[in-house]
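Protein sequence lines, in the order shown, are assigned to chains U and S.
The first sequence maps to residues 7 to 291 in the working numbering.
The second sequence maps to residues 4 to 316 in the working numbering.
By construction, these hints were calculated from the structure, which means they are not laboratory data.
Please note: incorrect hints may appear among the correct ones.
As the list claims (entries may be wrong) - Here are the computed lysine-lysine pairs in the DSS-like style, where the Cα-Cα straight-line distance is at most 27 angstroms:
1) U:178 with U:157
2) U:97 with S:12
3) U:205 with U:157
4) S:205 with U:157
5) U:205 with S:205
6) U:156 with U:205
7) S:183 with S:107
8) S:107 with U:56
9) S:107 with S:176
10) S:11 with U:97
11) S:147 with S:176
12) S:205 with U:125
13) S:147 with U:97
14) U:205 with U:178
15) S:176 with U:97
16) S:12 with S:107
17) U:125 with U:157
18) U:156 with S:205
Every value quoted in this text rests on a predicted model; they were computed, and no experiment measured them.
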Amino acid sequence: MENKDMQFLRNQSYGPAPLSEENGERAKMAAKTNTVKIETRNLNAWYGPKQVIFSVDLPVIENEIIAFIGPSGCGKSTYLRCMNRMNDIIKSFRIEGDITLDGYDIYARDVDLATLRRKVGMVFQHPNPFPMSIFDNIAFGVRESNRRIKKAELGEIVEESLRQASLWNEVKDNLNASGLSLSGGQQQRLCIARALAVKPEVIMLDEPCSSLDPVSTARIEELLLQLCEEYTIIIVTHNLGQARRISHRMAFFLNGRLIEEGPTAEMSIRPRCRETENYLCGRFG
Amino acid sequence: MIDIALKKKRNRTSPGPFLCWLSTAIIVVVCAGLVIYPLIVGAKAINLEFLLTDPLPSLKEELSGGILTPIAGTIIIILITSVITTPIALGTAIYLTEYAGRDKLPTRLMSLGIDVLAGVPSAVLAIFGLAVFSLPQLAIFSSKVEGAELSFGNSFLVGGIVMILHIISFVIKAMEESIKSVPSSYRDAAYALGTTRWRTIKRAVLPAARPGIITGIILGIGLIAGDTAIIWLCVGGSMTMTGAEQWWLPWNWLAVIQHSGSTLTSYIFYSSPAGEGNSPNKAFGAVFVLMVIILALNLIVDYLGKTKKITQV
Numbered sequence: 007m008e009n010k011d012m013q014f015l016r017n018q019s020y021g022p023a024p025l026s027e028e029n030g031e032r033a034k035m036a037a038k039t040n041t042v043k044i045e046t047r048n049l050n051a052w053y054g055p056k057q058v059i060f061s062v063d064l065p066v067i068e069n070e071i072i073a074f075i076g077p078s079g080c081g082k083s084t085y086l087r088c089m090n091r092m093n094d095i096i097k098s099f100r101i102e103g104d105i106t107l108d109g110y111d112i113y114a115r116d117v118d119l120a121t122l123r124r125k126v127g128m129v130f131q132h133p134n135p136f137p138m139s140i141f142d143n144i145a146f147g148v149r150e151s152n153r154r155i156k157k158a159e160l161g162e163i164v165e166e167s168l169r170q171a172s173l174w175n176e177v178k179d180n181l182n183a184s185g186l187s188l189s190g191g192q193q194q195r196l197c198i199a200r201a202l203a204v205k206p207e208v209i210m211l212d213e214p215c216s217s218l219d220p221v222s223t224a225r226i227e228e229l230l231l232q233l234c235e236e237y238t239i240i241i242v243t244h245n246l247g248q249a250r251r252i253s254h255r256m257a258f259f260l261n262g263r264l265i266e267e268g269p270t271a272e273m274s275i276r277p278r279c280r281e282t283e284n285y286l287c288g289r290f291g
Numbered sequence: 004m005i006d007i008a009l010k011k012k013r014n015r016t017s018p019g020p021f022l023c024w025l026s027t028a029i030i031v032v033v034c035a036g037l038v039i040y041p042l043i044v045g046a047k048a049i050n051l052e053f054l055l056t057d058p059l060p061s062l063k064e065e066l067s068g069g070i071l072t073p074i075a076g077t078i079i080i081i082l083i084t085s086v087i088t089t090p091i092a093l094g095t096a097i098y099l100t101e102y103a104g105r106d107k108l109p110t111r112l113m114s115l116g117i118d119v120l121a122g123v124p125s126a127v128l129a130i131f132g133l134a135v136f137s138l139p140q141l142a143i144f145s146s147k148v149e150g151a152e153l154s155f156g157n158s159f160l161v162g163g164i165v166m167i168l169h170i171i172s173f174v175i176k177a178m179e180e181s182i183k184s185v186p187s188s189y190r191d192a193a194y195a196l197g198t199t200r201w202r203t204i205k206r207a208v209l210p211a212a213r214p215g216i217i218t219g220i221i222l223g224i225g226l227i228a229g230d231t232a233i234i235w236l237c238v239g240g241s242m243t244m245t246g247a248e249q250w251w252l253p254w255n256w257l258a259v260i261q262h263s264g265s266t267l268t269s270y271i272f273y274s275s276p277a278g279e280g281n282s283p284n285k286a287f288g289a290v291f292v293l294m295v296i297i298l299a300l301n302l303i304v305d306y307l308g309k310t311k312k313i314t315q316v
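So here's chain U without its partners, still in its complex pose:
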């Protein structure tokens, strides 16, 4: 008798509908609009004197899942953190070039950092719920944007976010339990729910499944496939199988440079560059 986890894994239908397929509303919508949600042009970045990103031009299309792949230390996470200006926290960090969200320069003088970071949400590699109750974890970001929000309204937002993150049924009976009492996979879904509560437009995930078991990983991948109907998703991953399973497009980084980007299916079968081919075949990485 197979246990529930194995059954869950078997029942997964992997992969989003490729953009070239006619069926699937999502595929049609993305193919029709092709709107660029967030884009970098000639982006260069330095930590002190050391340059870490070299002239990256990369548009991210609305409602797609794009996977950033590449070996460790190639700049994927640094590039990701540029897009919600999390690197501003590091004093020695400097960038040149443009990053635009819906056409607006995110490094413009009058940009409100808090609003930017809510619109471009981030989920980190290791689950990092606050040492508070599940309810307070989700409510944390919401209370920042609306300090006078009533408890009832907050409760609705918490429930909606937990439902979107496929966590509601598991925690609805005890929202006052500590966020740290959940399992690793549940904690990561809690972090996703926390990011969703502030109504982002883009969700960035930095290797979200690297510390999770295969069942939790599969649950989160299924969740991301559902979420991309409403949000644009950028995922940094070391796991090429994961990239192939869930992404519409892939972008391959190496030593701070964008080597190649394109539709997942195409890039997996016929990479244009030798380095991409070597990485995808596992000759290095």
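Fit chain S to the given chain U structure using the hints.
Okay, now just chain S, sitting in the frame of chain U:
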């Protein structure tokens, strides 16, 4: 048949482990003696009358009253010092960990200053405090001396304020360690949700550091309860409350803290053969009460330390 190479060689025991064990045994025995002897001797003096009577001026031990005033005095000093120290220490700890550049020269000088303050003997702080609070402009903290341009310089307020200098370095360090040990992942998570720096500290970092902060305050209270030099020099050697006869009435409390009194430590000094009184058994009784207080504080710290583990991933 065991291989010759693997066969156990003749035992050559090194004296090292034994010497380590011996050092530990000596310390444990001495500490046990230090704690148990006063507790046994002091327990004999403890009764309800002893705990609830004010000290009386008498050189006869049976007539010298109880330790109610010293217990109240200890509580007063603890309250004055900890209420003022906590926000100042917390603000300093937050500034040094979150805002000041870690390796910059001003920050290092500030940290050095705090460390130097930690090393100043409490007797030196006490004399410094006496000198400052004898200034006539600071008469509000104690009382004016008639016919001279001086303040009295001895009161619970003065003792409490000087005591701040004695404990604040320790409390700042404890709070700093606690704040530093909050994982940076909490800060990252808060920033990624659109929180400003100050609100991140207030809503994400400080709640996570709370057990360690409280531990620092409680250990500071332990230091306050145990100090003698500052009490003797800055609060005074009077066994009773000189501010008001009925010191327990709330409307007398301002007068009480502006005047002198005693704490458990000054009572112990006074009643012991080294002081002016002559009640060594009652001194041990006061030692008993003081140790119970300090033991209780340490147990609370221990309990909070266990609670803290829940917050670690």
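Outcome of the hint check:
Simply put, residue 178 (chain U) and residue 157 (chain U) have alpha-carbon atoms about 16 angstroms apart, close enough for the 27 angstroms limit, and the pair holds. The suggested pairing of residue 97 (chain U) with residue 12 (chain S) is violated, with an alpha-carbon distance near 60 angstroms, which exceeds 27 angstroms. Taken as a hint, the residue 205 (chain U) and residue 157 (chain U) pair is honoured in the structure, with Cα atoms around 18 angstroms apart against an allowance of 27 angstroms. Distance restraint check for residue 205 (chain S) and residue 157 (chain U): the Cα-Cα separation of roughly 21 angstroms lies within the 27 angstroms cut-off, and the hinted pair is therefore satisfied.
As the CA atoms of residue 205 (chain U) and residue 205 (chain S) are separated by approximately 23 angstroms, the hinted pair is consistent with the 27 angstroms bound. A distance of roughly 18 angstroms separates the Cα atoms of residue 156 (chain U) and residue 205 (chain U); the hinted pair therefore holds under the 27 angstroms criterion. Annotation: proposed proximity of residue 183 (chain S) to residue 107 (chain S) holds, straight-line Cα distance about 17 angstroms (limit 27 angstroms). Distance check on the hinted pair: residue 107 (chain S) and residue 56 (chain U) sit about 22 angstroms apart at the alpha-carbon level, within 27 angstroms; holds.
Under the criterion of a C-alpha separation no larger than 27 angstroms, the hint pairing residue 107 (chain S) with residue 176 (chain S) is consistent with the structure, at around 18 angstroms. At roughly 60 angstroms between alpha-carbon atoms, residue 11 (chain S) and residue 97 (chain U) are farther apart than 27 angstroms, so this suggested pair is violated. Only pairs whose Cα atoms come within 27 angstroms are accepted, and residue 147 (chain S) paired with residue 176 (chain S) is rejected, the gap being roughly 37 angstroms. A threshold of 27 angstroms between alpha carbons decides the hint, and for residue 205 (chain S) with residue 125 (chain U) the separation of about 23 angstroms falls inside it, so the pair holds.
Proximity of residue 147 (chain S) to residue 97 (chain U) is assessed by CA-CA distance (about 54 angstroms); at most 27 angstroms being required, the pair is judged violated. Annotation: proposed proximity of residue 205 (chain U) to residue 178 (chain U) holds, straight-line Cα distance about 21 angstroms (limit 27 angstroms). For the suggested pair residue 176 (chain S) and residue 97 (chain U), the alpha carbons sit about 25 angstroms apart, so the restraint of at most 27 angstroms is met. For the hint linking residue 12 (chain S) to residue 107 (chain S), the alpha-carbon distance of about 57 angstroms lies beyond 27 angstroms, and the restraint is violated.
The hinted pair formed by residue 125 (chain U) and residue 157 (chain U) meets the criterion: a straight-line CA distance of about 23 angstroms does not exceed 27 angstroms. With a CA separation close to 21 angstroms, the supplied pair residue 156 (chain U) and residue 205 (chain S) stays within the 27 angstroms bound.
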